[in-house]
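Undergrad: Using the sequences and the accompanying hints, generate a full structural model.
Residues per chain, in single letters:
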Amino acid sequence: MTVPDSIGSAVDAASLWRVCVRRLHGVRRHMLVAGKWGLGLALAAEALLTPGFLELPALLSLLTTVSFIGCVAVGMTLITLGGGIMSLSLGATVGACSIVCLLVANQAGVVAGMAASVACGCVLTGAQGAMVGYLRANPIIVSIAASVLVYAIAQPITGNTAIYADVPMPKALLSTTFFGAPFEFVVFVVLVALTQLMLSFSRFGRQIYLVGTSFRAAQAARIRVGPTVLGAYAWAGAASAVAGILLALRYGRASMDVGIGMDYPAIAAVLVGGTAITGGRGSAFRTFGGVMIIGIVQVLLLLRGFRQEWQFLITGVVVLLVILLNSGAQR
Amino acid sequence: MRLLCKLARNPHLQPLGLLVLVIAGFVATNPSMLSVGTGASTLETFATVGPVALGLGLTMLMGEFDLSVAGIFGMAGCIAVLSGVAYPWLGLFLATGAGAMLGAVQGLIIHRLRLASIGVTLGGLLISIGVAYVLTGSSALFYDNMGVAMWMGTKWLDLLSARTAAAIVLFASMAVLVGFTRPGRDLIAAGSDRQAALVAGVDVGGLMVAVFAFSGAAAALAGVLLSYSLASASPAGLSDVLVPAATAAILGGVSLGGGAGRPLGIAAGVLVLSVMRAGFNALGAEPWISEAVMAMVLLIVAALDAPAISQSLRRLSGLQPP
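Protein sequence lines correspond, in order, to chains A and B.
Counting from 1, position 47 in the first sequence corresponds to residue 351 in the numbering used here; the numbering is continuous, with no gaps.
Counting from 1, position 292 in the second sequence corresponds to residue 1210 in the numbering used here; the numbering is continuous, with no gaps.
Just so you know, the hints here were simulated from the structure itself, not pulled from any lab data.
Since no wrong hints were added, every one of them can be taken at face value.
If you anchor each label on the Cβ, the simulated ranges turn out as follows:
#: 1; chain 1: B; residue 1: S1056; chain 2: A; residue 2: V427; range: 32 to 38 angstroms
#: 2; chain 1: A; residue 1: Q411; chain 2: B; residue 2: I1218; range: 31 to 37 angstroms
#: 3; chain 1: B; residue 1: S1110; chain 2: A; residue 2: A338; range: 37 to 43 angstroms
#: 4; chain 1: B; residue 1: M1214; chain 2: A; residue 2: T481; range: 44 to 50 angstroms
#: 5; chain 1: B; residue 1: L1000; chain 2: A; residue 2: L625; range: 23 to 29 angstroms
#: 6; chain 1: B; residue 1: G943; chain 2: A; residue 2: V490; range: 51 to 57 angstroms
#: 7; chain 1: A; residue 1: L477; chain 2: B; residue 2: V938; range: 55 to 61 angstroms
#: 8; chain 1: A; residue 1: G413; chain 2: B; residue 2: A1203; range: 36 to 42 angstroms
Positions of the beta carbon are idealized from the N, C-alpha and C atoms, including for glycine.
TA: This is the structure we're talking about:
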């Protein structure tokens, strides 16, 4: 069998092209690594040079504000790792959990309120996890629909107003600090550590990575894919419930509004931390880094006198930059 | 009867069947619903959601997903209201151009760096929302050209406003483009099997840029026309268009895997959604009921579209040998 010349030369040209592209990619990878370090150093220098950044009030307010988004981002990490791309319903879950927390707390005490809130979070996202894991429904569509459903059902329950706490909030607990760090931040760090322990050292954690890397391979390896995805989603719901509880306890009021606009910063933190959006690669520690980077950028913008509205724009640019910089590492 | 069965199995006609069912359901519960007023309110929703759903649907047909439409929709309204007071056409041109540019850049990035479209368009979404906030200084804007707002509000035959006409023209031209031209066939091929399309010589990169540019421009057009007709724009208020657009596209038979769905199906999907919204309004239901029903519909459709269910359904209906 002879190959016609034209096809042969086309094959040659194609392989030459592939070699060139591979070389270029090698160069690009170095450039990307340099770019990442450059960005990191620039951010650190900017932080050190900005007056007021290293003073205690700025740092403390930074630590408190990032904790709420941070808890949601830790939950989002599990969904992303397990191949669920992202959930647009975690903000709604935060709102619903904060409402459930105060409603139950008013009847049966704060501890019962917290437990009910975590259960509510697990059920809300676990149901979506079941649709994604067992039926293979599209995770983004499922989460969009769930978010609309939760906001809709909350309307008659709350009557579109905020719920206020009738029972005294545990002020002593809320004002405890740990080496100067506010209570919310301690909870956030504990949540990160627990999640990372689960991911690294438990069978469930490793199964999440495997399912996220390749659904079919996980199926072939006889991993029970449905329960794994469901579990990852339920853990994400519990993490969002923690954010809802913290918000409810801190302010003594709860409404669906507290969760609005939490989804996009959370997914931005996951991506900035370097967790792959395609699933299977990343960690809770990375998300912690992403949350801190986004928090630091926002505080710097505020201290430098940029108005609030620039934050969306800069966050968007940062997310896009990080995704571009991470593209080289993914091949 | 056999003809009827054959028609029912045609995937391109299913959205239309759903539309007829929904209309029949509403008319059966309340015959007085069949009025010009309900029709007009249906068409207004159609004009707002339709172009966004069409753009998003075409990116889904390509096997991608454009989250940024929601941001571009709001941003375009703000740009047009700021720049189009003296010359409305200039505002329309600038805003649509900005949407198309942002879309084209996203398409280029997705294709050249082979990135997941969700991540890239998430960046685009945040950036376009940010641009809207920066341009308006976080406040609602009023459009100081009442002549245009009045003209946008007039309806021919009490039914058809300029906005609706624009949406219909957009759908018709896209239907012709996808159904009868080479780029249309290339688009379907690239969405069905990208590797095979590449081998067959389809310019996938060009298509990707074009589809995302169209998606951005269409979302911008809808945002501009809505802002002109409301004579106002705000960076926050107009951004909840993603949910209805995605619902409409999926109801219209667009599959998330790519390759399935046509513009006219998307139009039918948007109409189903608009009829449901207008119908619940006419019945006097509280807004949360219609939202909850819409969300349930989206959940059910997402479940039916899921591989595990759709395969067994196909096996049951005998379309595919077991």
